[in-house]
Every structure is written in structure tokens, then in C-alpha cells.
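Enquirer: Spelled out, the chains give:
Protein chains: 2
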Amino acid sequence: MTIVVGYVPRSEGRAALRRAAEEARLRSTRLVVVNSNRGGAHLDQQEAAEHERELAEVRAQLDADGIPHEVRQLVRGLDPADDLIAVAEETAADFIVIGLRRRTPVGKLILGSNAQRILLEAPCPVLAVKAEE
Amino acid sequence: MTIVVGYVPRSEGRAALRRAAEEARLRSTRLVVVNSNRGGAHLDQQEAAEHERELAEVRAQLDADGIPHEVRQLVRGLDPADDLIAVAEETAADFIVIGLRRRTPVGKLILGSNAQRILLEAPCPVLAVKAEE
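As given, the protein sequences belong to chains E and F, one line each in that order. Quick note, the first sequence lines up with residues 1 to 133 if you use the working numbering. Quick note, the second sequence lines up with residues 1 to 133 if you use the working numbering.
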């Protein structure tokens with residue numbers, strides 16, 4: 001049994017990770033953290049270093065919490081939806097956790113195209129978590 | 001702690017209920033089953049009797065499984081999204097489970113307006129489960 005979580009270093013990614021870690025602990029299942037980036041022009045040096053630093057913190061926190069985990073940084077030119085769905089299929093995931101994004105500056109939540117595709121196309125249930133205000 | 005599930009006597013409602021019952025058992029929480037109907041012209045006699053029969057089966061199954069539960073049949077002229085969100089607020093739900101609908105006859109999943117509103121407006125995370133083919 002596996003829980004797959006889509007992680008980005010933004011509030012919605014952190015909210016999703018926090019919830020996914022709780023669920024993994026509750027079920028004694030492992031957690032697969034997917035950090036998906038299209039790569040190429042979409043990923044500059046500085047952004048990459050920032051991601052790296054945050055992912056190191058994620059790993060340290062999951063270690064401290066005693067949650068068996070795997071962090072996958074995928075830069076395969078795919079949309080996050082495709083990467084998450086592929087990992088969920090490969091790991092026969094019990095469910096996927098995603099964070100819903102707030103569109104600044106009004107703070108209204110939106111259902112982006114990646115979230116919609118994951119909800120509809122994932123091979124398993126999807127738990128959608130809201131970013132904090 | 002409470003899990004709220006939106007139930008309709010169709011495959012997506014049954015899939016949502018099945019998953020919600022598993023989650024309630026896992027967490028030893030109670031389950032609140034919400035069967036929302038706008039009422040008025042939307043609810044004819046025969047349909048109502050059919051709903052009644054299916055809800056009796058739902059109750060019997062949850063009893064048999066030993067899951068503490070409550071079945072709420074709401075006919076308040078509200079959209080299912082409004083009813084579910086109101087119950088989730090009132091019960092301080094841990095999360096809501098909804099079923100995603102397949103549009104016949106092609107069998108393609110859709111994200112209906114109720115599902116979208118629940119995902120975005122619910123005060124808690126939402127677990128979206130797919131109807132079986």
C-alpha cells in the first residue's frame with residue numbers, strides 16, 4: 001500500500017504533504033513524494049536550488065516522523081498530472097493527495113487543469129486538500 | 001471526528017459510500033451519510049420510494065459492519081453541494097467523500113458543478129472516488 005502525494009514548495013504543496021504524512025502514519029503505509037517539474041525553460045538554476053533545499057527539509061521531517069518514504073524528483077518534460085498518474089499506476093497507490101491552489105491576490109481557490117486531470121484520470125481516489133489562506 | 005459522504009443511489013454514490021465506510025472503520029470515526037435532494041419537481045413519488053429502499057439497505061449494511069452512522073435525507077431545496085458543505089461544517093468533518101460521475105453513454109468521467117463546488121468550498125479535505133465502469 002502506498003500513498004502518493006504531489007509536492008511543490010508552495011503552501012498547497014505543504015498542506016498536501018502534511019495531510020499525506022498523517023494518512024501514511026494512520027495506515028502504516030509508505031509515502032511517495034512526487035516533485036514534478038517540466039524542466040527546460042521552466043526550471044532555472046535558482047529555482048532548482050530552492051526546490052532542492054525544501055526537499056531536503058521534507059526528507060528530514062519524514063525521517064524524524066518515522067514514515068517510510070521515497071522522494072522522486074521528476075524532470076521528464078511532463079505535466080505534473082502525467083507524472084503523478086504514472087507514479088500512482090506504477091506503485092498501485094491507495095490514493096493520491098493533491099493540494100488545491102489559491103490564486104493570488106484575491107485568495108480564491110481554483111481547480112487548475114492539473115488538479116482536474118488528476119481527479120478524473122488517476123487510477124485511484126484523490127484526496128484534495130486546501131492550501132491555508 | 002466525522003466522515004461525511006454524499007450518497008446517491010447510483011454507481012458513484014455507492015463507490016463513495018463503500019470507500020467512506022472503509023475510512024470510518026480505519027479511523028474508528030462515525031459516518032454521516034447525506035442523501036440530498038432538491039425536492040419539488042425534482043423528486044417524484046417513485047424515485048422517492050426507490051431512494052427509501054436503497055437507504056434502508058445502506059443503514060442495514062453499516063449496522064452489520066458495526067460502523068456508527070447517521071443517515072440524513074435532506075429535501076431543503078438546496079443543491080447537493082450546499083447540503084454537503086453545511087453538514088461538513090456542522091459536524092466539523094474530518095473530510096468529505098464524493099463520487100465522480102460517469103457521463104453515459106461514452107463512460108467518460110466528468111467533474112460536475114456540484115463536485116467542483118464541494119472541492120473548492122468545503123471546509124475540509126475532499127476525497128474523490130470514481131464510479132466503477
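Since the hints were made in silico from the structure, they are not lab data. Among the hints, a few may not be true.
Beyond 12 angstroms from chain E on every Cβ pair, some chain F residues (computed) [unchecked claim]: (1) 9; (2) 23; (3) 48; (4) 52; (5) 64; (6) 121.
Partial list, computed: chain F residues near chain E (C-beta under 10 angstroms) [unchecked claim]: (7) 8; (8) 15; (9) 55; (10) 59; (11) 92; (12) 95; (13) 97; (14) 106; (15) 107; (16) 116; (17) 124; (18) 126; (19) 128; (20) 129.
Using N, Cα and C, we set each Cβ at its ideal position, and we do this for glycine too.
Enquirer: All hints, please: hold or fail.
Expert: Checked hints:
no.	hint	in the structure
1	9	holds, 20 angstroms
2	23	violated, 10 angstroms
3	48	holds, 30 angstroms
4	52	holds, 28 angstroms
5	64	holds, 23 angstroms
6	121	violated, 8 angstroms
7	8	violated, 17 angstroms
8	15	holds, 9 angstroms
9	55	violated, 23 angstroms
10	59	violated, 24 angstroms
11	92	violated, 15 angstroms
12	95	holds, 7 angstroms
13	97	holds, 8 angstroms
14	106	violated, 13 angstroms
15	107	violated, 12 angstroms
16	116	holds, 6 angstroms
17	124	holds, 8 angstroms
18	126	holds, 5 angstroms
19	128	holds, 5 angstroms
20	129	holds, 5 angstroms
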